[in-house]
Every structure is written in structure tokens, then in C-alpha cells.
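Chains as they are written, first to last, in full-length UniProt numbering: chain Y, 1 to 272; chain G, 1 to 297.
Quick caveat, the hints were computed from the structure, so don't treat them as lab data.
Just so we're clear, the structure is a prediction, and the values are computed from it rather than from any experiment.
Every clue listed holds true.
Mimicking DSSO-like on lysine-lysine, the simulated pairs with C-alpha atoms at most 27 Å apart in a straight line are:
| id | chain 1 | residue 1 | chain 2 | residue 2 |
| --- | --- | --- | --- | --- |
| 1 | G | K6 | Y | K158 |
| 2 | G | K102 | Y | K8 |
| 3 | G | K207 | Y | K5 |
| 4 | Y | K8 | G | K105 |
| 5 | G | K207 | G | K103 |
| 6 | G | K204 | G | K103 |
| 7 | Y | K5 | G | K102 |
| 8 | G | K207 | Y | K8 |
| 9 | G | K6 | Y | K100 |
| 10 | Y | K8 | G | K204 |
| 11 | G | K204 | Y | K5 |
| 12 | G | K102 | G | K204 |
| 13 | G | K207 | G | K102 |
| 14 | G | K103 | Y | K5 |
| 15 | G | K105 | G | K207 |
| 16 | Y | K100 | Y | K158 |
| 17 | Y | K62 | Y | K49 |
| 18 | G | K204 | G | K105 |
| 19 | Y | K5 | G | K105 |
| 20 | Y | K8 | G | K103 |
| 21 | Y | K188 | Y | K158 |
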Amino acid sequence: MSSSKGTKIVSYTIVLLMLSLYVLPLFYLFNVSMKTQSEYLMDPVALAKGLRLENFMDAWDKGNFSQYMWNSILYTGVSTLLTLIISVFAAFPLARGYVKFSTFFYVFFLISMYLPNPLIPQFALINSLGLYNTQLGFILLKTTGTGIAFLMFVGYIKSVSRELDEAAAMDGCGYSRYLFTILVPLMKPVLATGIILTAIGAWNDIIGPTIYLSDPAYQPVTKGLFSFYGQYMNNWPLLACGILIVTLPLVILYIFLQRFIVGGAMAGAVKS
Amino acid sequence: MYPFGKGAARIMPYLLLSIPVLLYLLLGFGPSMVTVLFSFTDATGVPGQTWNFIGFENYTTFFTSSDSGDRIASIGRSLYFAVAVVVIQNAVGLFMAILINKKLKGDVLYRSVFFLPVVLGVTVSGLIWQLLANPLGGPAQALLNFFGTSSNFFGDYDIAFELIIFVQIWMYMGYSMTIFLAGLQSIPSDLYEAGYMDGASGWKAFKNITFPMIAPSFTVNMLLSIIGALQTFDIIYVLTGGKFNTTTLAFDVYATAFGSGTSDYGLASAVAMIQFVFVFTVSMIALYYLRRREVEM
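Using the sequences and the accompanying hints, generate a full structural model.
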């Protein structure tokens with residue numbers, strides 16, 4: 001497309017304006033985190049008078065973030081790993097038609113987007129199984145083979161040559177060995193995006209922990225941060241530190257993995 | 001044909017597939033169906049209490065009880081939320097995608113920054129906007145003071161819901177933009193050159209080349225944002241907790257079942273069913289029109 005110098009300038013201006021709508025809030029957050037409470041109350045908008053990193057230590061202790069972080073890592077790690085494995089179990093035979101009624105099963109999984117909200121019976125079930133307020137129960141709920149990873153995998157596996165299956169089978173490779181030693185390594189790019197999108201969803205869930213985990217010892221960092229907010233509602237410098245503590249690991253991870261995430265959002269653009 | 005042998009070897013794919021199927025039946029599909037059942041009962045969350053079938057009583061309660069004014073208002077609000085989010089989020093997302101696709105310097109940076117709120121999640125994004133909209137002298141208040149006015153923002157009955165819509169769009173604009181960008185980048189550039197020869201540039205090129213070519217990303221984006229917007233309520237939970245006229249159908253399901261002091265599973269399930277009918281109808285109508293548009297191109 002040919003674009004003149006004038007339109008370029010207009011384009012840059014609009015993009016930069018939009019960019020400031022995303023960057024300035026983060027800058028303001030950082031600025032508030034560097035203030036004392038009295039500095040903040042006197043003039044919330046003014047620039048901080050210097051770095052005050054001890055605010056972070058204070059927030060870390062008061063917010064009990066080490067406990068919450070560990071829980072989040074456990075829930076996100078285990079449920080993402082399990083989700084990925086069983087998504088491969090489902091995606092491969094359905095993409096290839098290796099089981100009867102493959103199309104039926106695919107659609108059956110797909111309609112999970114439209115079905116009536118399962119929240120209430122899910123809760124009743126977890127409750128009656130004695131899994132309410134347990135780490136196992138929450139991980140179980142976060143593990144599903146029908147989510148975004150499954151949909152991405154089906155699309156990707158279709159692009160892997162079917163002759164590869166046949167060649168491997170000819171050499172005596174069994175079904176499950178083929179999955180783990182040949183197919184999974186081939187799926188690396190789509191696995192990476194599947195991991196990231198699944199993990200983002202698990203890490204950021206706030207409703208799940210609110211319903212299923214009332215014991216603070218089991219809550220993940222989203223719920224921990226929200227409780228912290230309820231407790232220190234008027235101490236924004238402390239809260240800003242808490243928000244940044246929760247934000248930082250994700251931002252660092254995002255900087256490293258951003259090309260996978262954006263690529264994955266495109267490939268797996270089926271469910272938000 | 002299945003290449004991995006016959007007899008016992010034929011069982012393996014079924015065996016492995018049964019794990020996701022069972023999980024889905026137990027934790028997803030099954031509970032969904034029980035929601036239908038619950039909506040016709042007086043089930044509660046009180047342990048040990050038996051429940052009975054009561055027909056359509058929950059549904060009549062929804063529409064005729066003393067607080068049904070609020071419930072019916074939440075239907076309107078869900079629709080308002082969905083229309084505003086779907087239209088603005090996709091319009092801005094498409095516009096930004098077209099700008100960034102013009103080979104601007106730093107496009108990777110823009111893409112990453114606009115997608116960042118999705119990574120940060122609802123809790124962090126919500127609290128960041130709570131901080132910005134702090135009525136006691138925060139930057140949003142300072143801006144309003146400059147124009148000689150003020151507001152309680154998320155505590156303001158008149159605009160709290162609009163602000164939630166804004167935060168929702170702020171969070172997911174980058175997601176829509178990313179999908180549109182993928183569509184735009186798949187358009188071969190010689191199409192534009194050919195179009196340019198025929199005198200198609202600017203708006204004409206957009207209408208006749210770009211828009212038809214990105215039909216699939218358009219469909220995905222529309223469906224995603226329609227379903228997403230009608231089912232979203234975590235952002236409301238974080239920003240207002242449903243207070244200040246910000247309850248939607250999806251939030252009402254949660255509040256009726258798990259809100260403080262209430263655990264009316266029957267009524268909450270009926271609300272969930274009304275929400276389901278709503279989501280299903282709207283997305284099927286959208287799908288019908290979007291598919292037709294894809295075929296026509």
C-alpha cells in the first residue's frame with residue numbers, strides 16, 4: 001500500500017496516543033508505589049520523591065505474597081501440564097479420524113462454549129466429593145481437554161502429514177509411543193502457545209478461587225491480591241506495590257515469550 | 001485408515017480419548033445439563049436439605065417477584081454491555097490493526113503493549129483502573145477537576161457501568177487487534193497492486209479488498225466478543241461487585257448462587273438458563289449472517 005508522508009505522521013500520532021493509554025497507567029502505578037502514604041494523600045498525582053524499594057518488602061510481608069505465589073505456581077503448573085497432555089490425547093485421534101464418530105466428538109467438545117453455565121452443579125459436585133477447599137479439587141476443575149489448547153492442536157495436527165503416522169507404524173511404533181516421541185516434539189510451536197494461553201487463563205482466574213477456596217492458605221495470588229485490596233483499601237502506595245509484585249513475574253515472562261503469545265492468540269483465536 | 005495395528009492396538013486411541021471425554025462429562029457437559037434440571041427445582045446450597053421439582057416457578061419468580069425489576073434490568077444491561085463491547089472493541093481493534101499493518105516502526109512493541117492487559121488478567125487490570133479512578137484525588141479526578149467537575153467513578157450509579165465497559169474494551173482490544181492483524185497479513189500485496197491499477201485505493205481498496213479478505217478473522221472476532229461479553233462477569237466482580245447498577249445476567253447467576261447470604265441454586269440455574277437462551281440465540285443469528293458474508297465474497 002502506498003502511503004504518503006502525511007498519513008504516516010497521522011498514523012504514528014494515533015498509535016502513540018493509544019499507546020499512552022496503556023503505558024501511562026503502568027507508569028502511574030509505579031509512581032504511586034514509590035510514595036509514602038502521607039505523600040500520596042497530600043498529592044496523589046505528583047511525582048514520587050525518589051525510589052522507595054522498602055515499600056515492596058512491606059507489601060510482600062503484609063500481603064503474605066510468598067504463600068499466594070507458591071499456590072499460583074502449583075495450580076498453574078500442574079493444571080496446565082495436565083491440560084496439555086489430555087488435549088493431545090483428544091486432538092490427535094479426532095484430527096485424524098482414528099476413532100469412530102470423530103466429528104461428533106469434536107463438535108461435542110466444541111459446544112462447551114455455548115452450553116448453559118455449569119458453575120452451580122460443578123460446585124455442588126466438588127462439594128459432595130469432599131474436594132471443596134482442597135488443592136486437588138481446584139486443580140481438577142482447572143484441568144480440561146476441551147479448551148483453547150485442544151482447538152489449536154486439532155488445527156495443527158491436520159497440517160502434520162498423515163504419511164508420517166503410517167511410516168512410523170510401519171517401523172513398529174505403537175500409538176502412544178508415536179504420540180509422545182514423534183508427534184509431541186513436532187508440535188513444539190503450537191505447544192508453546194498452548195502452554196502460555198492455558199497458563200494465562202489459569203493464573204488469572206479470580207472467580208474460581210473465590211468460589212472454591214475459602215481458606216487463605218490455599219488461595220492463589222489473584223485472590224490474595226484482591227483480599228489485600230479489601231484490607232488496605234485506603235493505602236494505595238502499599239496496594240500499588242502489591243499489584244506490581246503480582247504483575248512483575250508475568251511481565252517478565254511476557255517479554256520473553258511475547259512472540260509465542262501473539263502468534264498463539266492468532267492461531268487459537270477461537271475462545272477468549 | 002488406522003495404521004497402528006489391529007486387535008488390541010486398536011483400543012489405544014479410545015482409551016486415551018476416554019480421559020478427556022470422562023473429565024468433560026463429569027465437570028463440564030454433565031454439570032451443564034444438571035443446570036437445566038436444577039432450574040426446575042427448589043435446590044439450595046444448604047447441606048442436607050432435600051429438593052423438589054417445582055416446574056417453571058423459578059422462571060416466574062425471575063419475571064414477577066418483588067426484585068424482578070433489577071433482574072430484568074440486568075438483561076438490558078447484558079445486551080448494552082455486549083453491543084458496546086462488540087462494536088467498539090472490534091472497530092478500534094480493526095482500526096489499530098490497519099495502522100500497525102502499514103509497516104510502522106516498532107510494530108512488535110505496539111502489538112505487545114496492546115496485548116499486555118490480557119496477560120495481566122482481570123484482577124490486576126481492574127485494580128490498576130481502580131487506582132487511576134480513585135475519587136480522592138487520583139489522576140482521573142484531577143482531570144475532571146480541571147474541567148470543573150468531579151465523579152465517584154466506579155461508585156457512581158450513572159457511569160459505573162460505562163466505566164466497566166471501558167475497562168473491558170481496554171483489556172481485550174489488543175486481542176481483537178491481534179486476530180485482525182493475522183487476517184491482514186495473510187492478504188497478498190499484489191491484490192492491492194492490481195486494485196491500484198483499477199483505480200481502487202483508500203476507502204475503495206478497503207471496502208473491496210481488505211474487508212472481504214479478512215472475513216474469517218471478522219467472524220472469529222465477532223463470535224468471540226459476543227460470547228465473551230455475554231458471559232463475562234469477573235470484571236464486574238473486581239470493579240464494583242455488582243453494586244451501583246452494574247449487575248448483568250452472568251453476574252446475577254453468580255450472585256444468586258454464591259452471593260453473601262444467598263444460595264438459591266434453583267433460581268440461579270433459571271437465570272443461567274435465561275442467559276443460555278440469550279447467548280445461544282444472539283450467537284446463532286450472528287453466525288448465520290457472518291457465514292453468509294464469508295460465502296458471498
